[in-house]
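K.L.:
With the hints as your guide, set chains B and C onto chain A.
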Amino acid sequence: MLHIINRSPLSDTALESCLNTATGGDVLLIEDAVYAATTGNAYEGKLRAAMGKFKISVLRPDLEARGLADKLIEGAAFVDYAGFVELVAANKTCQSWL
Amino acid sequence: MSSIEVGGKSYETDEEGYLVDLAEWTPEVGSYLAQTEGIEMTEQHWEVINFLREYFEEYQIAPAVRVLTKAIGKKLGADKGTSEYLYGLFPYGPGKQACKIAGLPKPTGCI
Amino acid sequence: MSDIKKFMFVNRKAPYGTIYALESLEVVLITAAFDQDVSLVFTDDGVYQLKKGQQTKGIETKNFSPAYRALEDYDVEKLYVDQESMQARGLAVEDFLVNVTVLSRAEMGALMDEQDVILSF
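Residue numbers (numbering that gives the first Met the number 0), protein chains in the order written: chain A, 0 to 97; chain B, 0 to 110; chain C, 0 to 120.
One chain only, chain A, in its complex shape:
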């Protein structure tokens, strides 16, 4: 399953709930959720810990817009809009954690 998160982990519990609830699969961070995958942020440890269970992808244009494209944490992968579509197509189900 593909899980899509669009809220900052430091101001919303969407990512936290997703990582605590879902059993695994793809996690795609978009919009303000991309902050979760930047080095030195307070949620970094939790995201790293989840990497065994989830494959973490980050929408590159959203991280670039926020001036943090050079701070992507190791183990997370950039995707562009085409990659976003591929992730959706590759997964049987898709959940947006609003």
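It should be emphasised that the hints constitute simulated quantities derived from the structure, not laboratory data.
Keep in mind that the hints are not guaranteed to be accurate.
[As the list claims (entries may be wrong)] Which stretches of chain C does chain B cover? Using the computed rule of at least three CB atoms under 8 Å from a CB of chain B, they are:
#1 52-63
#2 67-77
[Claimed, not checked] Straight-line alpha carbon distances no greater than 20 Å define the calculated EDC-like cross-link-like pairs of lysine to aspartate or glutamate that follow:
#3 Lys61/C / Glu56/B
#4 Lys69/B / Glu27/B
#5 Lys69/B / Asp34/C
#6 Lys77/C / Asp36/C
#7 Lys56/C / Glu73/A
#8 Lys56/C / Glu43/A
#9 Lys105/B / Asp36/C
#10 Lys79/B / Asp72/C
A virtual CB, placed ideally from N, CA and C, is assigned to each residue, including glycine.
P.N.:
Below, chains B and C without anything else, positioned relative to chain A:
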């Protein structure tokens, strides 16, 4: 949406006559917009227009009149950094008229 | 000049994900015309608003971050960043596109107590 035609090319404007896409602006378009405002462009007018375009390029906002006046004074000399001078060039408001001619959106913080 | 009031704008949201950051900036630029004593606070995700190097072409949204550098022209010179928020996001003052004063939570709270009007975004 309205549009204007300059040199055989059509440019989109909003309902108040401001250019929609500032990237489309050319000095010819500026001259045309000045005409619609009833302004005959001189070197002094262009100085202000060019300053506005540079300011927008740098900060992505059209400066309020007060800010424009101060900044013009710094850049072009104290005698030009007065509202008398700028209103002399653009009688209906340097913010409104000059921004329109420069192809910028309406000034932020202009009351 | 007893009619000068202390205005504080509290920014707690990241840019682009919601409209708050841009709206706050516009209100600040407009109210600057009233010659009041204006302070801007960036706390929680609001500190992200000041991050250098924002490139919004890919999301087809206007990059409004250069306008923070114009605040000086509008005589808005009191910019405060909450230290805890900054550090929790792996950021340092060098990451910001304007000069700011970094305050502890206690100092920030005290500064809020001094205000006449607080607008929160």
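K.L.:
Each hint: holds or not?
P.N.:
Evaluation of the provided hints:
no.: 1; hint: 52-63; verdict: holds (count 3)
no.: 2; hint: 67-77; verdict: holds (count 4)
no.: 3; hint: Lys61/C / Glu56/B; verdict: holds, 13 Å
no.: 4; hint: Lys69/B / Glu27/B; verdict: violated, 28 Å
no.: 5; hint: Lys69/B / Asp34/C; verdict: holds, 15 Å
no.: 6; hint: Lys77/C / Asp36/C; verdict: holds, 9 Å
no.: 7; hint: Lys56/C / Glu73/A; verdict: violated, 25 Å
no.: 8; hint: Lys56/C / Glu43/A; verdict: violated, 26 Å
no.: 9; hint: Lys105/B / Asp36/C; verdict: violated, 25 Å
no.: 10; hint: Lys79/B / Asp72/C; verdict: holds, 17 Å
In terms of the numbered hints stated before, the structure departs from hints 4, 7, 8, 9, listed from lowest to highest.
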